[in-house]
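Engineer: Using the sequences provided together with the hints, build the complete structure.
For the sequence shown, this note's numbering gives the first residue as 1, with consecutive numbering after it.
Think of the hints as simulated: they come from the structure by calculation, not from any bench.
All C-beta atoms, glycine included, are put in the ideal place defined by N, C-alpha and C.
Hints should not be assumed to be uniformly reliable.
As the list claims (entries may be wrong) - Ranges between beta-carbon positions, derived for each pair:
{"no.": "1", "residue 1": "17", "residue 2": "80", "range": "31 to 39 Å"}
{"no.": "2", "residue 1": "71", "residue 2": "22", "range": "14 to 22 Å"}
{"no.": "3", "residue 1": "39", "residue 2": "71", "range": "27 to 35 Å"}
{"no.": "4", "residue 1": "47", "residue 2": "17", "range": "29 to 37 Å"}
{"no.": "5", "residue 1": "80", "residue 2": "20", "range": "14 to 22 Å"}
Said to hold, decoys possible - Below 25 Å or equal to it, Euclidean Cα-Cα: the simulated DSS-like pairs (lysine-lysine) are:
{"no.": "6", "residue 1": "61", "residue 2": "16"}
{"no.": "7", "residue 1": "16", "residue 2": "56"}
{"no.": "8", "residue 1": "6", "residue 2": "36"}
{"no.": "9", "residue 1": "36", "residue 2": "81"}
{"no.": "10", "residue 1": "36", "residue 2": "16"}
{"no.": "11", "residue 1": "61", "residue 2": "80"}
{"no.": "12", "residue 1": "80", "residue 2": "56"}
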Amino acid sequence: GGVDAKESLPSLEVEKSLLEEGINVVELFAMTDLCKTNSDARRLINQGGAMVQDQKITDIKLTIDSSWVEEGELILRAGKKRYFRIVVS
1 GGVDAKESLP SLEVEKSLLE EGINVVELFA MTDLCKTNSD ARRLINQGGA MVQDQKITDI
61 KLTIDSSWVE EGELILRAGK KRYFRIVVS
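Structural biologist: Here you go:
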């Protein structure tokens, strides 16, 4: 199944400036409900369970910036079923 019900995903609004400077992918995941701490996020990425916009994230040093944003949002995924939507305002 796709992510048709995007509006029903848990979401967080962030300022556009945050992504213009770029944010470390670990910090980004830790900001969401998908991971409680940076070490949770690192573990998720190291285990291959983290995705941003359907791309698997393997590098904990990766910077996510505004080039990743599509239609004003980022869709993060942890594992197969847990999604989180970051709305850029």
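Engineer: Taking the hints in turn, state whether each one holds.
Structural biologist: Going down the list of hints, with the structure as the test:
{"no.": "1", "hint": "17 with 80: 31 to 39 Å", "result": "holds (33 Å)"}
{"no.": "2", "hint": "71 with 22: 14 to 22 Å", "result": "holds (19 Å)"}
{"no.": "3", "hint": "39 with 71: 27 to 35 Å", "result": "holds (31 Å)"}
{"no.": "4", "hint": "47 with 17: 29 to 37 Å", "result": "holds (31 Å)"}
{"no.": "5", "hint": "80 with 20: 14 to 22 Å", "result": "violated (31 Å)"}
{"no.": "6", "hint": "61 with 16", "result": "holds (21 Å)"}
{"no.": "7", "hint": "16 with 56", "result": "holds (23 Å)"}
{"no.": "8", "hint": "6 with 36", "result": "holds (22 Å)"}
{"no.": "9", "hint": "36 with 81", "result": "holds (17 Å)"}
{"no.": "10", "hint": "36 with 16", "result": "holds (23 Å)"}
{"no.": "11", "hint": "61 with 80", "result": "holds (23 Å)"}
{"no.": "12", "hint": "80 with 56", "result": "holds (12 Å)"}
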